[in-house]
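Participant: Letter by letter, the chains look like this.
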Amino acid sequence: MVRGFGGAAAFPDEVWELVFSFLAADADRNAVALVCRGWHRIERRSRRRVFVGNCYAVAPAAAVRRFPEVRAAAIKGKPHFADFNLVPTDWGGGAEAWVEAMAGGWPHLEELRLKRMVVSDDCLELIARSFKNFGVLSLVSCDGFSTAGLAAIAANCRNLRELDLHENEVEDNCLNWISHFPESFTSLVSLNIACLEGDMNTSVLECLISRCPNLKTLRLNHAMPLEKLVSLLQRAPQLVDLGTSKFSADHHPELLSKVESTFAGFKHLKSLSGIWEAGPAYLPAIYSVCESLTSLNLYYATIQSPELLKLVSECKNLQRLWVMDLIEDNGLIAVASSCKLLQELRVFPSDPYGVAPPISLTEHGLVAISAGCLMLHSVLYFCRQMTNAALLTIANNRPNLTCFRLCIIDPHTPDYISQEPLDAGFSAIVESCKDLRRLSLSGLLTDRVFKSIGASANRLEMLSVAFAGDSDVGLHYILSGCKNLRKLEIRDCPFGDKALLDNTSKLETMRSLWMSSCSVTLGACRQLAQKMPRLNVEVIDERRGRPLESWPDDFPIEKLYIYRTVAGPRSDTPPCVWTV
Amino acid sequence: MEDLDNLKATELTLGLPGIDAPEKPSPASATGSNKRSNEECCLPAAKKQVVGWPPVRSYRMNSIRVRKMEAEDSTGIYVKVGMDGAPYLRKVDLRVYKDYKELMEALNDMFKCFSLGGAEGHEESGYAITYEDKDGDWMLVGDVPWEMFISSCKRMRIMKGSEARGLSSST
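Chains as they are written, first to last, in the UniProt record's numbering: chain A, 1 to 580; chain B, 1 to 171.
I should point out that these hints are in silico values taken from the structure, not numbers from a laboratory.
Here chain B is said to cover these stretches of chain A; the calculated rule only asks that three of the stretch's residues, wherever they fall, bring their Cβ under 8 Å from a Cβ of chain B:
1. 348-354
2. 405-417
If the Cβ cut is set under 7 Å, some of the chain A residues that face chain B in the computed set are:
3. Asp83
4. Phe84
5. Asn85
6. Leu86
Values in this document were obtained by computation on a predicted structure and should not be read as measured data. Ideal Cβ positions, reconstructed from N, Cα and C, are used throughout, including at glycine.
When you get a sec, could you build the whole thing from the sequences and use the hints?
Facilitator: Below you can see the structure in the form of structure tokens.
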């Protein structure tokens, strides 16, 4: 043991605080807090940022008490599968408990980011009133609030810099909420209202934008007509990040030249999104900014392949591209040769239920990208066919992948040439891509792929599995391997009790496990809950019936959500959720 | 409005074949229900649809409606809805709803501030929802299959009080 070091008392607290301030990562700060009581005390008093990955993992009061000087908090609620309607809408994730605790204990809070939580208007009003220096509000995939709540934020947050509303379900009951920003309000830097449905009062918005000289990000909703959009944008040529509204109108040479000159006026634009329903008439007006773009989101632009191809080929500096599968293989081949700096690609399905004529987007597009874009590290790709050979090629081309999410739209689809399962392909991905942190599987898969994943995916933090595997052995491979696994979500796989009960301690090293439509019984849940008091084992069952206590052990579980927590069972479970 | 039960025979199952289909999760909020994806109506009956698959955000699904297969069905069917005593009318897009139940919920929401329960205080449900069809006749909503209704409805009116009593049925 090292002696005579003097411990924490060797220097005044302020010195240690300064030293600790260089530690950005929570993991590092957590490690520091374990060294000795002195460091624990100093660290907790100086921590400014807190990230709560699961709002039920810790009691709000406890978090606020431990870190009294927090300035920025980020909290997540519902499980990821809530995005796909697999989680009952009343499951939980309400923000009140957190907002109330923060209002009491963190009066100096400046930034709040909530994801997949239920946020009421009352919550928004409490936020607006409680934090004098509030600067950043980010709500992602939340629901439960209306534009009346936003009006309260606008009216009261005098120093608001960022209002980021991303993919929320927002009720529109206060049409003029934007007019609640006072005339004296000029601090806005970032405004994202793309998810709002209603019309905006353009002149009020124009006034707001004109008096906020620091505005860098503006993402509008689709409602604003193109002529009004143009006059608005002329007030903000300094924008770096723009999300347009509807990008189509009846063809009008005057309007077209206005759009062109507006875009030509953007000297600093790096990110472009929106472009709802873009028609071929007005799309070319964008070409002048293409060369400077690093991020392009064409998700809402229902442009066909030839125009898409032309557009993306101009974007030589693109780092991030989100696009519909309307781009087709040809378009992706063009991207592969034009966009050499591409890091992230997401290709979404324009026709997820397969009712339209098929699109020519196959594994070839992705293979081309993997060969041409050397900096590519993040992929989300929806397609209808795949081969092991293609996956092997991708794995060999891009060992630097950190995120690989492949969704072959029809479940259980094999390699369409060999008719084999896609085990070999995905195994190649995990064996080659040593830094892979996130993986989503699809297609026909046996237990073999899980053996590879368990053995090779040492940096994997999040795994999504659907319609895969033969037996419990598959789940056992994952839970007994994957050293850094944090989140595991599984649906429609034949995984059951044995794998869970053989790996109970693994579950406490993870943030959460979701299993739905698998083969888990209530008896196993009871055993698990009894053995692991620091796990909440939530059984979710929406079929109406008798209470959980009366069900036998062999009762099959519909949905299961297990997460580690120091707060014990939660008190806000709805009727369809039981904490075993 | 109990046509819903008759529709069950042709309704798409929301679970894997061979498994008891769990009840469909209820809409997130009243406004959420208005934005249900239209795609489900257009699916051929043979194809089983699985809840939450493919994993595209339900939020995004609503935007996918923009990409239509054919020209025929592209535009929404907007009809005026008036309510006796309300100072202004509303417009609804009938294509957004998949059955009478959703339409009723939406109308309830839209007009609840005008006290659908009866401004005169007392009796329950003193109102009936009617529509004007292609022939110019005023019909009670709910008698004909949904698809037939949306193709023949020109406008709607929520009738209150004594007028309604003669028409409203407790089916």
